[in-house]
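K.L.:
The residues making up each chain are set out below.
Number of protein chains: 2
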Amino acid sequence: MVDVAARTSTPSEVSAADGATRIDVARVTDLLFGTWADTRRTAREMIKDSAFWRDDSLGKDEHRERVLSQMHLLVEKKAVHRAFPKEFGGEETNGANITAFEELFAADPSLQIKAGVQWGLFGSAIHQLGTAEHHRKWLPGAMDLSIPGAFAMTEIGHGSDVASAGTTATYDPEAEEFVINTPFRAATKEYLGNAAVHGIAATVFAQLITNGVSHGVHCFYVPLRGEDGNDLPGITREDDGLKGGLNGIDNGRLSFDHVRVPRTNLLNKYGDVAVDGSYTSPIDSPGRRFFTMLGTLVQGRVSLDGAASWASALGLHIAITYATERRQFDGADGQEVVLLDYGKHQRRLLPRLATTYAQIFAHDEFLQKFDGVFSGRTDTPDDREDLETLAAALKPLSTWHALDTLQEAREACGGAGYMFENRLVGLRADFDVYATFEGDNNILLQLVGKRLLTDFAKQFKDKDAKALAAFALGQTAGKAFHGAGLRRFGQTVADFGSTARSVENGLRAEQQHELLADRVQQMVADIAGNLRHAGKDKVLGEKLFNENQADLIEVARAHGELLQWEAFTDAVNSIPEGGDTKKVLTWLRDLFGLQLIEKHLAWHIINGRLSTQRAAVVSSYIDRLCLRLRPHALDLVNAFGYEPEHVRAPLASGIEQQRQDEARAYYAALAASGEAPISEKALKKAAKK
Amino acid sequence: MVDVAARTSTPSEVSAADGATRIDVARVTDLLFGTWADTRRTAREMIKDSAFWRDDSLGKDEHRERVLSQMHLLVEKKAVHRAFPKEFGGEETNGANITAFEELFAADPSLQIKAGVQWGLFGSAIHQLGTAEHHRKWLPGAMDLSIPGAFAMTEIGHGSDVASAGTTATYDPEAEEFVINTPFRAATKEYLGNAAVHGIAATVFAQLITNGVSHGVHCFYVPLRGEDGNDLPGITREDDGLKGGLNGIDNGRLSFDHVRVPRTNLLNKYGDVAVDGSYTSPIDSPGRRFFTMLGTLVQGRVSLDGAASWASALGLHIAITYATERRQFDGADGQEVVLLDYGKHQRRLLPRLATTYAQIFAHDEFLQKFDGVFSGRTDTPDDREDLETLAAALKPLSTWHALDTLQEAREACGGAGYMFENRLVGLRADFDVYATFEGDNNILLQLVGKRLLTDFAKQFKDKDAKALAAFALGQTAGKAFHGAGLRRFGQTVADFGSTARSVENGLRAEQQHELLADRVQQMVADIAGNLRHAGKDKVLGEKLFNENQADLIEVARAHGELLQWEAFTDAVNSIPEGGDTKKVLTWLRDLFGLQLIEKHLAWHIINGRLSTQRAAVVSSYIDRLCLRLRPHALDLVNAFGYEPEHVRAPLASGIEQQRQDEARAYYAALAASGEAPISEKALKKAAKK
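Listed in order, the protein sequences are those of chains Y and V. The first sequence begins at 378 in my numbering and counts up one residue at a time. The second sequence begins at 378 in my numbering and counts up one residue at a time.
Just so you know, these hints were derived from the structure itself, not from any lab. It should be emphasised that the depicted structure is a prediction, and the values quoted were computed from it without experimental measurement. Certain hints may be false.
Note that identical chains are pooled: a pair holds if it fits in a single copy or bridges any two copies.
[As the list claims (entries may be wrong)] Capping the alpha-carbon separation at 20 Å, the derived lysine to aspartate or glutamate pairs in EDC-like fashion look like this: (1) K827 with D661; (2) K920 with E762; (3) K960 with D616; (4) K920 with E713; (5) K835 with D760; (6) K1062 with E422; (7) K1058 with D649; (8) K915 with D707; (9) K455 with D957; (10) K1061 with D1038; (11) K1066 with D903; (12) K1062 with D760; (13) K1061 with E551; (14) K920 with D1000; (15) K425 with D438; (16) K1061 with D616; (17) K437 with E798; (18) K920 with D707; (19) K1065 with D903; (20) K1062 with E453; (21) K976 with D781.
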């Protein structure tokens, strides 16, 4: 743990080498901080208190206790109740709540996730799935942490496929109780925060069975521990022990041996059982009911998307700050070269910086959508579905990007990046699991892919037989769908003899958007065409699905990237014309767009969207953008608004600059003293002449 | 720590679904085990003893002590002396030594690396850089661990650029001593294993200064601690504390405040100072002398390449075993589908399996080359240079591949992959630093790129002015160099109307090799052409180098991939014709080759090597190969030869199959009992009819 977070001498004032073009750092910070900027500032200010920081010296057990005590501190500071009903001391502000919550990772990701378990999952299940009586009985305790709770959804045997959970809750009308049971080992609830040690209750997802009918997965409030501190009869808990990260959380397993809870412990907003055992629900379709219940818990994905995007930002703050101070190998002028002046180093860090900006802007739109739905302002079934799709598209991209960026940042800092005190390895280890929890990233993207296919099919619903026939042809349907296809030939002609500059003109915002959007549409059309051959043949359908699964996941990714690009562009468009800030952020957006196009370059050529001539210059255009952005790199990471108390990496504290200065001063003084040794190399060279 | 490593019921016997085509697992194991297979078996057998295993319950300090005690056990078992002179109890067998050494990672990577510090670096420096007197004085102690030593090369301010180290060793002819000094903070020796706690001596690299001349970096034997156990005057050591992994090693910093050592402590094989201070060396050029000294330490890179390749194998053993047992989501037959039957899951794991095979085969050729040079059998300056280039090409690829593979394996196992007991997160954390130590991967690849440029230039040395003029044209030179360029047009015509099958025929071994080799040659020619414009203008040269740096690193990677492909092909060719083993390994080699071509598809199209028609089917060919290899996946990982004592991941112990069987038996019995609840969904469906 860093006791004193060193404050560097306002590096933002010396970053743009020429002093000519400069971005307005404060303005960009405002833009990045988004809709709930004030709440974000409050949250950042709060965690400047070292009481919230991760203490790297602690072992697993001590770390768990420290995080629990930090949770009490969060209650004290009223930092985690914003989403709850005003009636219980909340503020009923959903967007602000997530904004504050996601910032906790900079203190310690274990704190963010354990707080997420308590208030975002356990408390939220009571709030979103329960009704007034449940709120009165358990919300205060969940909110003030007098009831630490586990969220028991995942089982050993079923992670992503929640609907197939094995745990049962069978209604016993005689006793007016539900019997919660774990019928086999694979049905054991697994990986639950608060389950190993601290939890005294749990919201348990189980197949609701009454009168011989299984109504699918519902949520039950189940006390785990009695007043005496011992686990109640029938409850077994196990400790997951050491994990790849997040070791400040006591993850564990729970199993239930015919544990009885009152009928009224069913969180009954979307499904209820009367005393006589009869089942009722406001939602008739069991499938839709299930997705509605799960949908109320989307905020987990919202906050992971935010935390992951900002973790990338923090990682880049560290690596880019270091890269502007660290020198290695002599340059043409005989001086050692600053790392970020190397072409490769720019290529490693600046495109990732551009992606991070895109994700932060996309996250704010996501937050707005989420707030609209959960505030009830824009809460239609369509809005809920869009929100789910947005969550499923953005969370995978940002969590994978965080792992990739933190790793590249760590390698870009060499051995120093591997030292735990410099944060990068610890953050990466903690964020590793973000890629598979709250929905495995590949499964989430597959959901998005399926939604895109559904929307595509809708296009043809009201079309006549002719259009349907065209659609069945797949490829052709794709071209009909978006009106592209023969463009390449014209482009080839236009590009002959073109200079780099004119090609650059052909890769501006409009063309970037067209390329990214066309790819999504064409891929969806292609996959739809491939799958259509199955008709009602289930076995063939499974075979064709498997053949197209990787592409389906890829098109979902492309869709998410397009959303990010659009969000970035909207943000750039919100900046008034004429200033350097707009110019630099436009370059950064271009860098984001072009690296996406470069990543999928073969697709764009094969599908006739880019001529080989134009494709050939995409990479060199990216190189030029990196070079243009180089003088602004430090400003661009300073705009993330992290202060020394958030960064806490000695590596990025200015210490490297001090060491460089000291070494250079030593050699200068030695040279001036006349006592510097002559190098054998120089002697040999002189002798040759 | 897993106390008892569970032994599963010979899974290799049930892997090929149809029972028809089967590979000969034992034969493939022999092939993978390579030239020193017996030594590899001995090493694997030794580490089946749980005394060598990592104990996950230990904190950093206890872990360090455990690893030290394991090192003594290695001495006892005579497991680490194979490379040393017979005179001192060694065997003078270099290839066998590295083979045994790299296997240690499966016990604990900390043990592998700390053993590497002691015997591969500290002991090896005495052996390779010292002379008879040094061997007699210090080799026995280094070998039997009575002298735990640090290898003090890297400094805070200079990692990759060793030649610029700041530490000085100034000869004082009056006292006949060298004065070792750390003149400023950045010159502090950093990240040294054994430096924080256990080391009592160090081999220290410092600028040798005598008679006012600096002769560049040389290595000195410096005692750190006296008989009384206290550090000697002028020695300061600091502890690096917690790292991202490898916490069983006591990495630390060393600085020297005018520490005096006898003149004879200079390890003087490649440079000596006489009593009067006069300097002599068998190698006249200071540059070549420096690289010769460093080249004697190449074995570190050899062993990292091996350990990383085998770590990928172990990770895939775990993830693929799990993927053949784990089921999730219902298939067309109403049964839950085994993960590895999903197209995407195959795409995630099988190409990585193919790459791992390629790397293991390439590593064996690397080991042979290394053994040839170090045994003196094939030890010419050219051989040494080739060995260096091979090391610089292969180590980056295999270490990055290990990180990528361990991460994908961990995600493919979901939450279970994040549990420390399942090995994947721990291995990944330990191997993270392999990407930047013993040479930063990007810097190493840059060395390879420069070597490729040098070799390219040599092609034109004896050519006349006309050829040189053509060369200056860059692009054109590239085409002249390898005689390619206009091939595309013919291919396009030939491919029109072709079926997938005929295209497949056009992507067989010969074409794969041509595509991979052409790309290396063309890229080298292009870069050479770009750089040539600088002439003798240093500033322009720096600018052009920076513009081409990313490409230079990329071509080095392409060169390494080509070497791997060739090694894989040689291995396949060594299998007798006709059997299923050869057929399956040929598919696996094709998968390796085609995924490389897919990765660089845009390049191949833009540069006229692949028609868009042929390029368009590369991905679907890969899909077909994955499907063909699916039934052999378990055999192919079993061929890695890991036994339960090496795997030690409960996840891959057969426990998942047991749980699946139990759950399915439960539902079958419930259905048979007639007491199974009816699902609401099924009721609603029936009511509709």
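K.L.:
Report the numbers of all earlier hints that the structure fails to satisfy, in ascending order.
P.N.:
1, 2, 3, 6, 9, 10, 11, 12, 13, 15, 16, 19, 20
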